[in-house]
Amino acid sequence: MNPLPRIVRAETLDGLLEDDPVAMRSRRDLQRVHRFMGTRSIVLRALRGWPMPRDAAKPLRVLELGAGDGSLMLGVARVLGSDWPRVELTLLDRQALITPATLEQYAQAGWNATSRTVDVLDWAAEPAEPLPIGGQAEHWDVIIANLFLHHFEGRQLATLLRAIAARCDHFFACEPRRARFALAGSHLIGAIGANAVTRQDAVLSVHAGFQGAELSSQWPAWDGSWKLQEHAAGLFSHCLLAERSGAG
197 MNPLPRIVRA ETLDGLLEDD PVAMRSRRDL QRVHRFMGTR SIVLRALRGW PMPRDAAKPL
257 RVLELGAGDG SLMLGVARVL GSDWPRVELT LLDRQALITP ATLEQYAQAG WNATSRTVDV
317 LDWAAEPAEP LPIGGQAEHW DVIIANLFLH HFEGRQLATL LRAIAARCDH FFACEPRRAR
377 FALAGSHLIG AIGANAVTRQ DAVLSVHAGF QGAELSSQWP AWDGSWKLQE HAAGLFSHCL
437 LAERSGAG
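The sequence shown begins at 197 in the numbering used here and counts up by one.
Derived from the structure by calculation, the hints contain no laboratory data. Any given hint could turn out to be false.
Below 20 Å or equal to it, Euclidean Cα-Cα: the simulated EDC-like pairs (lysine to aspartate or glutamate) are [what the hints assert, rightly or not]: (1) Lys254 x Glu334; (2) Lys423 x Glu439; (3) Lys254 x Asp279; (4) Lys423 x Glu410; (5) Lys254 x Glu284.
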């Protein structure tokens, strides 16, 4: 059987306004999709596998790209808070979807969360090296992307991966797996109550997903300075873990 070719098309949700009722319903659908895919457990397993620095004077800095409404990482924070007690989390998305109530829930879990509204490609174009007049570019202990990289291909994906590698010591991505079983599952997403937008976007996301070593083959090749693992996870997910040599 021939493998599925990778096809990236714009998803409907990405073109809807933040306060569109259909978009709001679809974002609630995505919370159910994450539960169905076991995304939180996959993220927790990856993060727990990395030994993080334990400097009492320095918080652990974490960035989520394409964070949406912040609900997925909130679930992670509630479980991981006792293991990672001092976390400064930045939730980055091109839409302003993070509410003060969500930030307060992060605080209750022990994490200091802030939101940043910016297009990720504009973020990628920002300086990654120290700024010329005594400034310092942002650097993260961990960058996370959940169901996000599959929106990009070609030069944009390469640019984004270079920017991530220049700005962090650990990177984890959990993406749709491009496989026939996952494609069949995406056609059944209506069974969990998903609306028309979510049903259509689920199929598109599988076609735009990843398999094999497609992500690690595009990671910047810096002569052994990174340890990479790329693998299937659960029934529907495909993951990349990247750790800078000597980190942790």
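Q | Structure-inconsistent hints, enumerated in ascending order | A | Of the numbered hints, all hold.
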